[in-house]
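J.: Residue numbers (this note's numbering), protein chains in the order written: chain H, 4 to 118; chain A, 444 to 558.
Bear in mind the hints are in silico, worked out from the structure with no lab data behind them.
Keep in mind that a hint or two might mislead.
Label pairs and their in silico Cβ distance ranges [to be verified]:
#, chain 1, residue 1, chain 2, residue 2, range
1, H, E59, A, E460, 35 to 45 Å
2, A, N505, H, S85, 18 to 28 Å
3, A, K557, H, P42, 37 to 47 Å
4, A, Q512, H, F23, 37 to 47 Å
5, H, K74, A, I489, 15 to 25 Å
6, A, G528, H, E59, 29 to 39 Å
7, H, S83, A, N474, 32 to 42 Å
8, A, D469, H, D29, 33 to 43 Å
9, H, S68, A, N505, 39 to 49 Å
10, H, E20, A, Q487, 18 to 28 Å
Don't be surprised by glycine CBs; every beta carbon is placed ideally from N, CA and C.
Here is how the chains run, residue by residue.
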Amino acid sequence: DVKVTQSSRYLVKRTGEKVFLECVQDMDHENMFWYRQDPGLGLRLIYFSYDVKMKEKGDIPEGYSVSREKKERFSLILESASTNQTSMYLCASTPPQGVITNEQFFGPGTRLTVL
Amino acid sequence: AQTVTQSQPEMSVQEAETVTLSCTYDTSENNYYLFWYKQPPSRQMILVIRQEAYKQQNATENRFSVNFQKAAKSFSLKISDSQLGDTAMYFCAFMKRQYGNKLVFGAGTILRVKS
Numbered sequence: 004d005v006k007v008t009q010s011s012r013y014l015v016k017r018t019g020e021k022v023f024l025e026c027v028q029d030m031d032h033e034n035m036f037w038y039r040q041d042p043g044l045g046l047r048l049i050y051f052s053y054d055v056k057m058k059e060k061g062d063i064p065e066g067y068s069v070s071r072e073k074k075e076r077f078s079l080i081l082e083s084a085s086t087n088q089t090s091m092y093l094c095a096s097t098p099p100q101g102v103i104t105n106e107q108f109f110g111p112g113t114r115l116t117v118l
Numbered sequence: 444a445q446t447v448t449q450s451q452p453e454m455s456v457q458e459a460e461t462v463t464l465s466c467t468y469d470t471s472e473n474n475y476y477l478f479w480y481k482q483p484p485s486r487q488m489i490l491v492i493r494q495e496a497y498k499q500q501n502a503t504e505n506r507f508s509v510n511f512q513k514a515a516k517s518f519s520l521k522i523s524d525s526q527l528g529d530t531a532m533y534f535c536a537f538m539k540r541q542y543g544n545k546l547v548f549g550a551g552t553i554l555r556v557k558s
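Please model the entire structure based on the sequences and the hints provided.
T.: The structure is reproduced here in structure tokens:
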């Protein structure tokens with residue numbers, strides 16, 4: 004079974020802190036994604052990566068950056084956390100297009116509160 | 444840009460009954476995939492069912508089936524013989540056939556199955 008893990012289920016940080024959210028997948032997937040989930044808005048794509056050291060902005064990249072130094076790990080960085088970044092953050096991974104399944108596999112999520 | 448609309452923020456159904464969740468989408472693409480994902484309370488998001496746009500036949504997975512109307516850009520999910528374990532947030536999602544496997548999500552529908 005594909006497993007996507009995230010470093011924390013719950014996180015509380017202060018405004019202005021630098022925050023790291025880590026995601027690891029164990030199925031050698033090429034593509035990895037970071038979403039934030041907010042009530043009434045569904046999931047919105049922050050950044051994605053289709054290979055090591057490669058990244059592309061999603062729909063709401065402002066205030067975030069990412070790092071992918073190894074294939075299995077994709078980190079989301081909040082350079083200076085703000086209260087409007089309080090949200091649920093979900094990581095996902097998927098094989099490249101063309102593989103039979105293009106299902107995205109999700110981690111359990113990190114509920115981040117910025118005070 | 445693609446958009447996905449779920450017009451029912453919340454729904455409820457009695458155990459063993461049938462319920463239909465609605466989803467419409469907007470795209471100019473001809474080749475794409477549509478998905479329904481399920482997010483149970485405090486648990487990971489999982490894929491329920493997938494439909495490829497070039498297939499006319501509606502997808503079915505056990506008690507879950509879709510009504511895919513390509514011309515109307517409609518993709519509803521029918522759950523038959525509802526079970527308590529079906530209680531969850533359901534997201535409709537769109538993916539166009541391109542490198543990256545990016546998903547565009549609707550806002551979600553909370554489904555409560557009552558005993």
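J.: Now tell me, hint by hint, if it's right for this structure.
T.: Here's how the hints hold up against the structure:
no., hint, result
1, H:E59 with A:E460: 35 to 45 Å, "holds, 44 Å"
2, A:N505 with H:S85: 18 to 28 Å, "violated, 44 Å"
3, A:K557 with H:P42: 37 to 47 Å, "violated, 22 Å"
4, A:Q512 with H:F23: 37 to 47 Å, "holds, 44 Å"
5, H:K74 with A:I489: 15 to 25 Å, "holds, 23 Å"
6, A:G528 with H:E59: 29 to 39 Å, "holds, 37 Å"
7, H:S83 with A:N474: 32 to 42 Å, "holds, 41 Å"
8, A:D469 with H:D29: 33 to 43 Å, "holds, 36 Å"
9, H:S68 with A:N505: 39 to 49 Å, "holds, 42 Å"
10, H:E20 with A:Q487: 18 to 28 Å, "holds, 27 Å"
In this structure, the hints that do not hold are numbers 2, 3, in rising order.
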